[in-house]
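Trainee: Okay, here's what each chain looks like letter by letter:
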Amino acid sequence: MTTIDLEAIEDPADGLRAVVALRALADRLEAREVRRALDAGWTYADVAAALGVTRQAVHKKHGRRR
Amino acid sequence: MALERFGRDIRRDVLRHAEREADALGAPAIGAEHLLLGVALTEGPGCALSDAGLDAPSVRDALEADLADALAPLGIPASAVEAVGPPVPTGRRLRLAPAAKRSLHQALRTALDGGDRRIHAGHLAVGILRTPSAPVQRLLDRLGVDRDALVRALSA
Numbered sequence: 001m002t003t004i005d006l007e008a009i010e011d012p013a014d015g016l017r018a019v020v021a022l023r024a025l026a027d028r029l030e031a032r033e034v035r036r037a038l039d040a041g042w043t044y045a046d047v048a049a050a051l052g053v054t055r056q057a058v059h060k061k062h063g064r065r066r
Numbered sequence: 001m002a003l004e005r006f007g008r009d010i011r012r013d014v015l016r017h018a019e020r021e022a023d024a025l026g027a028p029a030i031g032a033e034h035l036l037l038g039v040a041l042t043e044g045p046g047c048a049l050s051d052a053g054l055d056a057p058s059v060r061d062a063l064e065a066d067l068a069d070a071l072a073p074l075g076i077p078a079s080a081v082e083a084v085g086p087p088v089p090t091g092r093r094l095r096l097a098p099a100a101k102r103s104l105h106q107a108l109r110t111a112l113d114g115g116d117r118r119i120h121a122g123h124l125a126v127g128i129l130r131t132p133s134a135p136v137q138r139l140l141d142r143l144g145v146d147r148d149a150l151v152r153a154l155s156a
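Respectively, the protein sequence lines represent chains A and B. The first sequence begins at 1 in the numbering used here and counts up one residue at a time. The second sequence begins at 1 in the numbering used here and counts up one residue at a time.
Quick caveat, the hints were computed from the structure, so don't treat them as lab data. Note that the structure is a prediction, hence the values are computed from the model and not measured. Relax, there's no trap hidden among the hints.
As a list, the in silico SDA-like pairs of lysine to any residue whose alpha-carbon atoms are at most 25 Å apart: (1) LYS101/B to ARG12/B; (2) LYS60/A to ARG93/B; (3) LYS61/A to PRO89/B; (4) LYS60/A to ARG16/B.
Ranges between beta-carbon positions, derived for each pair: (5) ASP51/B to THR43/A: 44 to 52 Å; (6) ALA29/B to ILE9/A: 20 to 28 Å; (7) PRO12/A to ARG8/B: 36 to 44 Å.
Yeah, the Cβ is synthetic: ideal placement off N, Cα and C, and Gly gets one too.
Here chain A stands alone, though its shape is the one from the complex:
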């Protein structure tokens, strides 16, 4: 079990850099999982419900451009 000691991040610059990186990782994970769900036959409404956002928001962010 990894212990995370946030106090060990002394410089706020490192803390804020971690926030930006965490958001980037979350965005990449979201893109990957939404792709997988749609490939598996999920509807945009299903994906939206799972993410807790509107269907329009999913379309806007992950709508497939052909």
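Please arrange chain B on chain A, whose structure you already have, making use of the hints.
Mentor: Positioned in the frame of chain A, the structure of chain B alone reads:
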């Protein structure tokens, strides 16, 4: 900013590459580091940037390593970033981050100082290197690039 002052290689290639790379990486905006990657992709092998070690594959790898380093203090291992998979563009439109805008302004100044009417990708590379940016600084440090020597090589 009046983008028409910029050569077509910047408007069509560098900015498009930069946006695509920033999108794929999950970045909230196009940063100066993504512009630098855009220049490397536009100029290709054999340009001053790649000769200095800033070829596109190296820059991409360095940006991935930087992401992993930033997450390490949270207990998120580099293998988690790998598990999410390689960056894939989603087609998002992104705005320019402040450091990227400042880099474009510096590119304009660099071109004017050199008596050039057109701003090309080389001017932008110098503009990026003359603009303070923590991500670009980390990129240069990671790849062992001497900023001043590179600016001289690009200005030659």
